[in-house]
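Number of protein chains: 2
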Amino acid sequence: MSVSPLRRAAIVAVGSELLTPLRTDTNSLFITEQLGALGIEVVLKMVVGDRHDEIAHAVRGAMARAELVVLTGGLGPTDDDVTRDVVARVLGRQLREWPEITVSIRQRFSARGWEMPEINRRQAMVPEGAEVLPNVQGTAPGLWIETDEGVIVLLPGPPRELHPMLTRLISDKLAHRASGELLARRVLRITGRTESHTDEVVQPLYAQWASGRVPITATILAALGQIELHLTARAIARAEAEAALTGASQEVVGLLGSDVYSTDGQALEAVVGDLLVARGFRIAVAESCTGGLITSRLTDVAGSSRYVDRAIVSYSNGAKTALLGVSDTLLAEHGAVSEAVALAMANGIRDDAGVDVGVGVTGIAGPGGGTSEKPVGTVAIAVVTPDASRVRIARFMGEREHVKFQSAQGALDMLRRLLLGS
Amino acid sequence: MSVSPLRRAAIVAVGSELLTPLRTDTNSLFITEQLGALGIEVVLKMVVGDRHDEIAHAVRGAMARAELVVLTGGLGPTDDDVTRDVVARVLGRQLREWPEITVSIRQRFSARGWEMPEINRRQAMVPEGAEVLPNVQGTAPGLWIETDEGVIVLLPGPPRELHPMLTRLISDKLAHRASGELLARRVLRITGRTESHTDEVVQPLYAQWASGRVPITATILAALGQIELHLTARAIARAEAEAALTGASQEVVGLLGSDVYSTDGQALEAVVGDLLVARGFRIAVAESCTGGLITSRLTDVAGSSRYVDRAIVSYSNGAKTALLGVSDTLLAEHGAVSEAVALAMANGIRDDAGVDVGVGVTGIAGPGGGTSEKPVGTVAIAVVTPDASRVRIARFMGEREHVKFQSAQGALDMLRRLLLGS
Numbered sequence: 246m247s248v249s250p251l252r253r254a255a256i257v258a259v260g261s262e263l264l265t266p267l268r269t270d271t272n273s274l275f276i277t278e279q280l281g282a283l284g285i286e287v288v289l290k291m292v293v294g295d296r297h298d299e300i301a302h303a304v305r306g307a308m309a310r311a312e313l314v315v316l317t318g319g320l321g322p323t324d325d326d327v328t329r330d331v332v333a334r335v336l337g338r339q340l341r342e343w344p345e346i347t348v349s350i351r352q353r354f355s356a357r358g359w360e361m362p363e364i365n366r367r368q369a370m371v372p373e374g375a376e377v378l379p380n381v382q383g384t385a386p387g388l389w390i391e392t393d394e395g396v397i398v399l400l401p402g403p404p405r406e407l408h409p410m411l412t413r414l415i416s417d418k419l420a421h422r423a424s425g426e427l428l429a430r431r432v433l434r435i436t437g438r439t440e441s442h443t444d445e446v447v448q449p450l451y452a453q454w455a456s457g458r459v460p461i462t463a464t465i466l467a468a469l470g471q472i473e474l475h476l477t478a479r480a481i482a483r484a485e486a487e488a489a490l491t492g493a494s495q496e497v498v499g500l501l502g503s504d505v506y507s508t509d510g511q512a513l514e515a516v517v518g519d520l521l522v523a524r525g526f527r528i529a530v531a532e533s534c535t536g537g538l539i540t541s542r543l544t545d546v547a548g549s550s551r552y553v554d555r556a557i558v559s560y561s562n563g564a565k566t567a568l569l570g571v572s573d574t575l576l577a578e579h580g581a582v583s584e585a586v587a588l589a590m591a592n593g594i595r596d597d598a599g600v601d602v603g604v605g606v607t608g609i610a611g612p613g614g615g616t617s618e619k620p621v622g623t624v625a626i627a628v629v630t631p632d633a634s635r636v637r638i639a640r641f642m643g644e645r646e647h648v649k650f651q652s653a654q655g656a657l658d659m660l661r662r663l664l665l666g667s
Numbered sequence: 246m247s248v249s250p251l252r253r254a255a256i257v258a259v260g261s262e263l264l265t266p267l268r269t270d271t272n273s274l275f276i277t278e279q280l281g282a283l284g285i286e287v288v289l290k291m292v293v294g295d296r297h298d299e300i301a302h303a304v305r306g307a308m309a310r311a312e313l314v315v316l317t318g319g320l321g322p323t324d325d326d327v328t329r330d331v332v333a334r335v336l337g338r339q340l341r342e343w344p345e346i347t348v349s350i351r352q353r354f355s356a357r358g359w360e361m362p363e364i365n366r367r368q369a370m371v372p373e374g375a376e377v378l379p380n381v382q383g384t385a386p387g388l389w390i391e392t393d394e395g396v397i398v399l400l401p402g403p404p405r406e407l408h409p410m411l412t413r414l415i416s417d418k419l420a421h422r423a424s425g426e427l428l429a430r431r432v433l434r435i436t437g438r439t440e441s442h443t444d445e446v447v448q449p450l451y452a453q454w455a456s457g458r459v460p461i462t463a464t465i466l467a468a469l470g471q472i473e474l475h476l477t478a479r480a481i482a483r484a485e486a487e488a489a490l491t492g493a494s495q496e497v498v499g500l501l502g503s504d505v506y507s508t509d510g511q512a513l514e515a516v517v518g519d520l521l522v523a524r525g526f527r528i529a530v531a532e533s534c535t536g537g538l539i540t541s542r543l544t545d546v547a548g549s550s551r552y553v554d555r556a557i558v559s560y561s562n563g564a565k566t567a568l569l570g571v572s573d574t575l576l577a578e579h580g581a582v583s584e585a586v587a588l589a590m591a592n593g594i595r596d597d598a599g600v601d602v603g604v605g606v607t608g609i610a611g612p613g614g615g616t617s618e619k620p621v622g623t624v625a626i627a628v629v630t631p632d633a634s635r636v637r638i639a640r641f642m643g644e645r646e647h648v649k650f651q652s653a654q655g656a657l658d659m660l661r662r663l664l665l666g667s
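Chains S and U, in that order, are what the protein sequence lines are. Take 246 as the starting number for the first sequence in this note's numbering and just add one per residue. Take 246 as the starting number for the second sequence in this note's numbering and just add one per residue.
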């Protein structure tokens with residue numbers, strides 16, 4: 246039996262529903278994160294349906310590429326749950342029923358006043374030489390199987406069953422088999438620059454990071470309304486990896502300044518929330534085309550009731566006049582999508598609520614409503630604080646929901662920069 | 246060269262960022278949907294990093310399982326874009342630069358006043374016998390390579406480049422190589438029942454569907470705030486497949502009634518929008534714990550300005566009193582999270598806006614703010630229409646964002662049922 250450290254992992258997600266256009270495997274993200282904490286790198290992910298031959302082929306392929314193979318799903322009691330059987334067959338091991346598992350599943354059922362259906366006995370089948378991983382959230386136990394080449398782990402598909410089982414493995418069996426190194430990651434989030442412009446500025450750092458004492462690799466990615474820079478460090482000690490990542494983050498901030506809004510993966514709405522708390526400011530938001538999205542994002546943050554006072558979504562012009570004191574004259578003169586109206590909305594709600602910060606956003610989310618002068622995606626954004634006010638007209642591309650998101654992102658970022666005094 | 250129809254596909258996504266905990270491959274969902282329209286079933290998905298050996302192993306594994314292999318990503322101009330090279334090597338074919346591609350890339354750059362960096366010539370390298378797929382959105386052309394066993398397609402990773410290229414292939418080269426059958430899919434969405442309860446009722450239909458003239462397979466899935474039933478039919482003619490799916494959907498609706506809110510994948514907010522339009526009703530929403538999410542979802546629907554008048558997010562008690570006419574007495578007597586206050590919020594905004602429908606939601610999204618009597622997740626939901634009013638207290642589980650989503654879902658579903666008169 247091998248005792249060499251586990252360095253490379255392959256994840257195989259089993260389930261025909263994961264091969265439709267409607268579902269995607271997300272368990273592997275959690276697994277990747279957890280394994281990274283032990284320095285185990287995921288080098289391959291696969292998704293296969295509930296079919297013997299496909300699963301068998303995937304398991305053999307995974308074993309050829311990695312010492313640790315993690316399979317998820319297909320441990321249920323029904324006919325299409327075949328992961329156990331296939332793995333036993335691939336390894337050439339017999340399956341045997343473990344009576345103590347049958348008893349514990351039976352108890353789970355009887356605790357709810359039900360009788361255990363006979364098909365559930367399938368979940369008590371264990372390949373020779375395997376260890377059983379108890380499931381605190383369901384009937385399907387997990388399995389840990391050591392082979393000559395490494396380790397195969399079988400985990401149930403439902404996240405609430407998989408998470409506690411894996412967390413336990415990480416601190417116990419897997420920790421003992423890891424190399425002693427770990428992977429630490431950090432995400433820097435950036436606004437106000439394109440991907441290639443960011444890359445151009447940051448590029449000179451890459452080679453330096455890669456050859457550092459604690460090597461760091463970097464990946465740059467364009468997302469809607471922001472750029473992300475992902476840094477990964479490999480080291481023996483957590484503190485050492487984190488220190489290297491902090492150093493690298495500071496170098497990026499040195500080059501990009503306040504365009505970097507977060508160096509720890511924090512969302513923009515959380516960054517804005519912290520700035521509001523730091524200044525002791527309360528906020529009110531007047532939204533038109535964003536339809537409540539800005540406030541919904543602000544209130545996604547735990548504790549946001551400390552600074553969010555209210556919002557008004559004034560979808561109709563009538564609501565803009567009645568609730569925000571935007572005059573008919575202003576609307577007629579400038580049009581609903583204008584800097585003047587956005588500013589009047591921000592000032593109106595700020596005054597009414599008697600708070601420090603007012604935000605006003607009005608625009609054309611599309612697909613209808615555009616004109617040649619103000620095409621779909623035209624959005625006016627205004628922010629008023631006790632120190633200053635700012636207003637701008639932007640033009641966003643994409644579908645209705647993309648325009649909404651980018652408008653919200655633009656408003657939150659304008660507010661962030663104003664609160665920073667930049 | 247083979248001319249047998251393509252029935253099985255494998256998708257290989259290339260990119261080290263897709264093996265981190267932060268990104269997932271989503272291109273494969275679009276590809277699966279498009280291939281399904283030609284009856285080509287995806288039997289395997291893989292994700293590998295930007296490494297020669299990993300990609301080569303994945304391509305060989307994919308070719309062993311499927312006649313059509315679709316690779317995405319790794320076609321850029323930089324050193325870590327190696328998909329072209331690896332595929333050429335696996336197939337034992339020479340790469341040659343196509344001058345006309347170099348010219349067209351050079352033109353793309355010069356149109357913006359830039360000079361083409363020399364590294365971009367890498368994108369003009371084409372394996373022997375390959376056909377080039379023009380890229381209307383970027384510099385990386387795609388490739389179509391016929392082999393003795395089937396077809397390998399290389400597509401760029403960015404969705405806006407991949408989508409038009411694949412759409413064209415589907416109506417052209419792939420259509421000619423497909424079997425003539427097609428896969429049609431339909432998603433039924435269900436509220437007010439658990440997964441197992443839904444399964445129990447629908448189960449008897451499965452065997453009947455599977456053995457029908459147009460066979461239908463079904464998968465049931467639990468999502469946040471709803472259950473989904475996915476139906477897939479395989480047939481020669483689109484009309485035949487759709488008719489079978491319509492028949493099957495009607496059988497489900499016959500059993501589950503108005504718990505099925507959509508039989509064509511429509512979102513709940515769109516279904517509610519259609520019902521409001523049908524009745525000629527306008528709506529105003531008073532939100533507390535949902536923080537604008539209900540209105541943001543309602544306004545995600547194109548054309549929602551026809552029926553959404555306004556919303557007020559009254560996060561502070563002061564805002565509830567000032568904007569919605571909820572009296573201090575009511576708040577003191579029943580507490581902010583109560584049926585009485587939710588109803589007062591719904592009536593208050595409905596009267597103020599002078600619209601037909603008012604919605605009021607107030608609750609504790611967490612993680613703080615819960616009490617033993619009203620724990621985190623306690624939410625009061627009220628809906629008032631010209632015909633009736635309804636109010637209830639619900640208790641939702643999960644994190645803050647899950648509570649917000651389920652509260653919004655609960656409010657929209659209550660409104661839907663009230664508008665249906667059920």
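Be aware that a few hints might be false.
Partial list, derived from the structure: chain S residues whose beta carbon lies under 7 Å from chain U [as the list claims (entries may be wrong)]:
#, residue
1, L264
2, G536
3, G537
4, T544
5, I557
6, Y560
7, N562
8, P612
9, M642
10, G643
11, E644
Rather than coming from a laboratory, the hints here were simulated on the basis of the structure. A quick note: this is a predicted structure, and the numbers were derived from the prediction, not measured. Virtual Cβ for every residue (Gly too), placed ideally from N, Cα, C.
Tested hints:
A distance limit of 7 Å between C-beta atoms decides the matter here; for S:L264 the minimum to chain U is near 5 Å, and the interface restraint holds. Taking 7 Å as the C-beta contact cut-off toward chain U, the hint placing S:G536 at the interface holds, the least distance being around 3 Å. Given the 7 Å rule on beta carbons, the hint for S:G537 holds: about 3 Å separates it from the nearest Cβ of chain U. With a cut of 7 Å, the hint placing S:T544 at the interface with chain U holds, because the nearest CB-to-CB distance is about 3 Å.
Nearest Cβ of chain U to the Cβ of S:I557: about 6 Å, under the 7 Å cut. The hint holds. Because the beta carbon of S:Y560 sits about 5 Å from the nearest beta carbon in chain U, less than 7 Å, this interface hint is met. For S:N562, the interface hint is violated, since its Cβ never comes within 7 Å of a Cβ in chain U; the closest pair sits about 10 Å apart. This hint holds: S:P612 has a C-beta 5 Å from the nearest C-beta of chain U, less than the 7 Å allowed.
For S:M642, the shortest C-beta to C-beta distance to chain U is roughly 10 Å, which exceeds 7 Å, and the interface hint is violated. Here the hint on S:G643 is broken, as its CB sits about 9 Å from the closest CB of chain U, past 7 Å. A least Cβ separation of about 9 Å between S:E644 and chain U goes past the 7 Å threshold, and the interface hint is therefore violated.
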